[in-house]
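So the sequence lines, in the order shown, correspond to chains A and B.
Going by our numbering, the first sequence opens with residue 4, and the numbers climb by one from there.
Going by our numbering, the second sequence opens with residue 789, and the numbers climb by one from there.
One or more hints might be untrue.
As the list claims (entries may be wrong) - Think about it this way: if two alpha-carbon atoms lie no more than 27 angstroms apart in a straight line, the pair counts; the simulated BS3-like pairs of lysine-lysine are:
1) 927(B) / 952(B)
2) 55(A) / 202(A)
3) 952(B) / 201(A)
4) 831(B) / 244(A)
5) 244(A) / 952(B)
6) 873(B) / 207(A)
7) 207(A) / 952(B)
8) 873(B) / 202(A)
9) 206(A) / 873(B)
10) 927(B) / 201(A)
11) 206(A) / 831(B)
12) 244(A) / 873(B)
To be verified - Far from chain B, some chain A residues (derived; all Cβ distances over 12 angstroms):
13) 85
14) 160
15) 165
16) 302
17) 340
18) 378
What the hints assert, rightly or not - Listed next, the stretches of chain B that the computed footprint assigns to chain A, with coverage defined by at least 3 CB atoms under 8 angstroms from CB atoms of chain A:
19) 860-874
20) 891-897
21) 969-983
22) 1000-1014
23) 1024-1034
Read the hints as simulated data drawn from the structure, not as lab findings.
Ideal Cβ positions, reconstructed from N, Cα and C, are used throughout, including at glycine.
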Amino acid sequence: MRVPLLTRGLIGVSCLLAFFTIVGSSLQAQENIVAFGDSITEGLPPFDEDRKGGYPGRLQTILRSSGISSATVLNEGHGSETTSEGLTRINSVISANKAADLFIIMEGTNDVNLVNSGLLSMDTVLANLEGMAGKVRSEAIDVLYATIIPRPPWAKQDSTNFVTFELIFGLRELTSTGRRDLAEPYEILENRELAVYKKYYFKKDPVGHPNSAGFALLAEHFAEKVLGEDTLAPVVSGFSKNRSGQFLANGDQFFALVHESGTGIAKVDSYFTLNGRSIDTDVEGTTRRTSLSYRVTNSDIACGGRITVRTEDRANPANVRNRLVAEYKVEGAQLLKGDVNGDCRVNGFDLGLLGPSFGSKRGDVNYSELADANNDDSVDGDDLAKLARNFGKSSD
Amino acid sequence: MVVRTVILSLLALLISDHLMAGASEYQLIQPTRNNSGAVLHSKTGRAHLETPGGSRKSLALRRDERLTTLAEVGSGWITAGIREKSSRRELVLMSISNSRVDRLDSPAGQSARYRLNPTLLGNDSRLEGLAWLEGPDIKSLSVRLAFFQESSWSNPVEVPRPTKGSQSGLSATLLADGSWLLVWAAFDGTDDDIFYSQVIGDLVTRARRVTANNRVPDVMPSILASDSGALLAWSQLEDGDYRIKISRFDGSAWSGARTHGPPGSLRAQLSLQDNQVSLVYREAWPRSWTVSELGLSGRAQRRANFAVASDDRPIIAQSSGGTVVLRWAGAQPSEAAWKSVP
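Just chain B, same shape as in the assembly:
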């Protein structure tokens, strides 16, 4: 009986890792750009960094901390996440080099209960800043940002909320001209739409719409600097199912949205490796993951589908010649052939 209970408990822990998203399992996280091959393995209370050289650096976390993003800056990395303390959410930041791991202070002045969704802004050599969501409750979040100057944070700046409702899904990138481009979803009383703001020096532009006031949810954007502009991918409800949309920012305006995935395509994430922009997304049913290589305009050039039901977002482990390899936490990598997109 005892043995049975122990076995059932172990099974539960194993199975539950695959039943619900983000609750306990390791997530693999890569920098979305400037990535030389580092992979963050993260779950609540535990994390380690797999360096490009293959070594493993343990990161000491409290039981209530969870790392959610990684940036490669200079010869090291910065990682950020959330500490969930009862009803309060705080930011967690760490600096990792080959020789040491240090905790960084988070920007001062958290008076509200929630700080969520940290987004690191770094260039090839250093961390430039941090953007996040902050507010007294989950429905009253707004975008905040702080500049990292001489090893300390500037006072946080708030991007005024364009709508009274929830702000969510913050994503940010550094453009080639050094400005920051922030995108997120904001609920306008009817549905979520995608908004953006640019940070040019100390100037933070007011939030403006990327998507029209279309009365259907536009959610979970992912932005990535590309060439002289940026590509944006997100999910929009269209005829009853979510579909990936892609739009290009040329420095001043957005192109019309291009439909990318099939009905039920979700959780878009853009990344840049070896000067190639890739898009990874989930297909809801039948469950699978798809990776696409995109051209400068955001048009898909090649695509590969992986019939892997895992809820964990995969990372691109390798792309060479005619195949691409995706990797999931706790599972063998999977290889698939690229297929040209007409």
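Same shape as in the complex, but just chain A:
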């Protein structure tokens, strides 16, 4: 059970929810939420094909069906708005909603275009978001920040999300201290896989609005935050290697930064893996912001370096993610398909590593990118066939 970082009101609601669940009574708690943002919050048709009010309308439905029968989620999304503009509009929204328990603030997508053009700094965008939150808190209303959603590959600007991620990173840093809470729409949609974008984004929209399925996904995520549930593993916000270049060598150092906005990072269970095996990672920081580092030794070097960051939180059951962050070559060596542990041989050890992941898909706890030889987001017979084809072979 996560410890909600939200609000006195939400803590109350969570306790009431738990109590009424136990005694089997209907829940009569009041929950007033204001969803503040731009067109992604506004959720107008045609993007919302089902016309259910974008994510705010769906969030209200979920909360009510979860027992908070009087929950209201007011849609205060306003298309094309930047944070500089939102900073002024929010004055009237606060004035009209002083009895609200919570403001969800998801804004900044339109600022990304300005930053991407060199017209505005991301520092100012973050200051604007802090300014909005400050105004809300001055009325004793709680704030849930939300990362903006990633841009799909067909977006007209920043389709690689290089600039968008600067904002995401800034928000994670901003909320990694103090009592601020953060929802992670970016993380739940960021996949770099076209199929995911096709599933959750409105077709061919050059801007990158969600479709009905996308709004539903956002609503589910916000509902979990409001209800104090945690189903998201700690997120990897950055990875670097001290020496540039594609080769892995003795003495190289890896660094990663991990953020968490839920139950907290389980530090002893968060580490690097190299070619499928966990390595003795230095872990420092808090349960909301942890840095990992590791120095490569000669014994780590074989045919290839496939590095993942395995993160785990303190939820029960724990949320785990094993994210591939880099692949390195070893000078003069070639990694065979099916060589899951990168030891220059395809043998039973690789089969042993593939086994636990067999049948998994990306997002499953047991999914392993290392075993996914054909990188199709699932570990299946094709990957096994690739391993079998090379079984017994060695790189040299």
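With chain A fixed as given, assemble chain B onto it according to the hints.
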């Protein structure tokens, strides 16, 4: 079902043009001075120039190119913009005359990933130079400039960053004495402040503050040569809302900032038409656009407000007698009466 999908897709394309800034829609762009009536219609991958005579000159762009500025020089125009290639941003330059459109080389020596925010410096007869932002990432940009000499670019010159943080919102103008005045916002670790540098011949002065170290964001400056000096407009956070500020440069110093717009006034742009300095800006809420005519000191003389929610920046189509007409991309022009400012 197919028909419904097609209709929804078309609607999406139309509506999305109005939902988010600068993503796909046409922007109307005019030269900020020396403007005889040309209008650049620009969006990512497509652009055309509407000439003063009313003809339309198509500009061939790649899918990842976007033009952002236009200058009128001699009998033609120069336009500049950005090419967004994956994680890299490069400058795009074009020369347009009545008879042809040519691509121009951009200044050599881009080693950093980003080149952004091109700003053209031209006088009545020719292009004098170009300033832009360049750096390895979006938080490490610095101001660069190059002189256009005998149809080619000089080696780029860097204006040393006055702060370690982001540099953004570059704007530049040619002063009457032939020097260049560059202004931009720089993050000093606490907030963005406005800085400036002058280019006198080959000498580039070190960046100095226009605004005090005031611990609130000062952003998105617009500079315009006027009389023997220049006027500067920008947005400053004041009591929780942005407001337009205006300051005058007399050739050596800046006047105290004068507050111009109401709370929530943003995206200031100065322009000169028929010897009249105008300021166009956005009002955040309720959404509208305002145009002001400014005196030499930067004081507003007349003002007109347009309750048009469009996010696209309008251009001034006409100002005569008691009315002013603004024009937005893809919409009918709007007319409003000037109101004197006491």
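>> Please list, smallest to largest, the hint numbers that this structure does not respect.
In response: 3, 4, 7, 10, 13, 14, 15 and 20
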